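Peer 1: Sequence:
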Amino acid sequence: MLAAENPEICNLPSFLFGQSMGGAVALKVHMKQPDAWNGAVLLAPMCKIADDMVPPWLVTQILVGIAKFLPKQKLVPQQDLAELAFRDVKKREQAAYNVIAYKHKPRLQTAVELLNTTQELEKQLDKVYLPLLILHGENDRVTDPSISKALYEKASSSDKKLILYKDAYHSLLEGEPDEMILKVLGDIISWLDEHTS
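For the sequence shown, the UniProt record's numbering assigns the number 197 to the last residue and increments by one with no breaks.
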């Protein structure tokens with residue numbers, strides 16, 4: 001529902017929230033609407049795909065070329081993301097039953113767009129100037145934690161906070177032991193409380 005249609009919420013603070021690819025989307029939204037948001041909470045934002053997740057340069061160039069003719073083909077080599085994203089073994093096993101999770105190789109054009117978006121974002125980190133909370137697992141092998149550090153260092157915002165979680169993987173809110181998930185949620189709630197009082 002639009003704020004204009006609901007007057008009691010139109011003056012409330014608005015925050016972007018994104019995890020992984022959603023973190024990249026949140027940053028793109030901020031860049032398109034820089035003054036529309038009071039802050040952003042980013043969990044393992046995909047501002048860069050981890051180097052060991054990207055195929056070798058030659059393979060990448062071949063796949064980019066093929067994508068022009070066969071954009072819907074699922075030819076991108078991919079590691080088991082559940083194993084890389086979920087530290088808690090039981091939650092990793094449960095992830096296989098998630099009916100809304102995409103379980104196939106990405107389509108070529110989707111992979112090309114992800115690569116282009118992350119490369120573009122990586123070059124524009126200094127254009128991020130809203131209050132920022134960045135959360136990342138130190139053992140994340142899907143999105144590179146070093147890019148969260150770079151985002152923290154390069155963002156123009158004077159109000160920014162980076163929290164790195166020791167031993168944590170990619171899926172901070174779904175794939176970690178319950179204690180870690182509660183810690184992450186607590187950190188998010190505390191930051192939002194500070195930015196809404």
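FYI, nobody ran anything at the bench for these hints, they're computed from the structure.
Incorrect hints may have been included.
Said to hold, decoys possible - Below 25 Å or equal to it, Euclidean Cα-Cα: the simulated PhoX-like pairs (lysine-lysine) are: (1) K166 to K32; (2) K127 to K32; (3) K183 to K32; (4) K127 to K105; (5) K105 to K74; (6) K160 to K123; (7) K127 to K91; (8) K28 to K166; (9) K90 to K72; (10) K149 to K28; (11) K91 to K68.
Remember, predicted model here, so these are calculated numbers, not experimental data.
Peer 1: Assess, step by step, whether the Cα of K127 is no farther than 25 Å from the Cα of K32, and give holds or violated.
Peer 2: 11 Å, holds
Peer 1: Can the restraint linking K90 and K72 be considered satisfied, given a maximum Cα separation of 25 Å?
Peer 2: 33 Å, violated
Peer 1: Regarding the pair K160 and K123, is the alpha-carbon distance no greater than 25 Å?
Peer 2: Distance ~19 Å between K160 and K123 Cα, so the pair holds.
Peer 1: Checking one constraint from the list: CA of K166 to CA of K32, max 25 Å. Satisfied?
Peer 2: 33 Å, violated
Peer 1: Are K127 and K105 close enough, with their CA atoms no more than 25 Å apart?
Peer 2: The given pair, whose Cα atoms are some 32 Å apart, is violated under the 25 Å limit.
Peer 1: Just to be careful, I want the Cα atoms of K183 and K32 compared with a cutoff of 25 Å; is the pair within it?
Peer 2: 32 Å, violated
Peer 1: Verify the proposed pairing of K127 with K91, using a straight-line Cα cut of 25 Å.
Peer 2: 36 Å, violated
Peer 1: Has the given pair, K91 with K68, been kept, meaning a C-alpha gap of at most 25 Å?
Peer 2: 37 Å, violated
Peer 1: Is K105 close enough to K74, meaning Cα to Cα at most 25 Å?
Peer 2: Cα-Cα ~5 Å, so holds.
Peer 1: Going straight from one Cα to the other, do K28 and K166 come out at no more than 25 Å?
Peer 2: 28 Å, violated
Peer 1: For a C-alpha distance cap of 25 Å, please report whether K149 and K28 respect it.
Peer 2: 18 Å, holds
The structure does not agree with the numbered hints 1, 3, 4, 7, 8, 9 and 11 stated previously, though it agrees with the rest.
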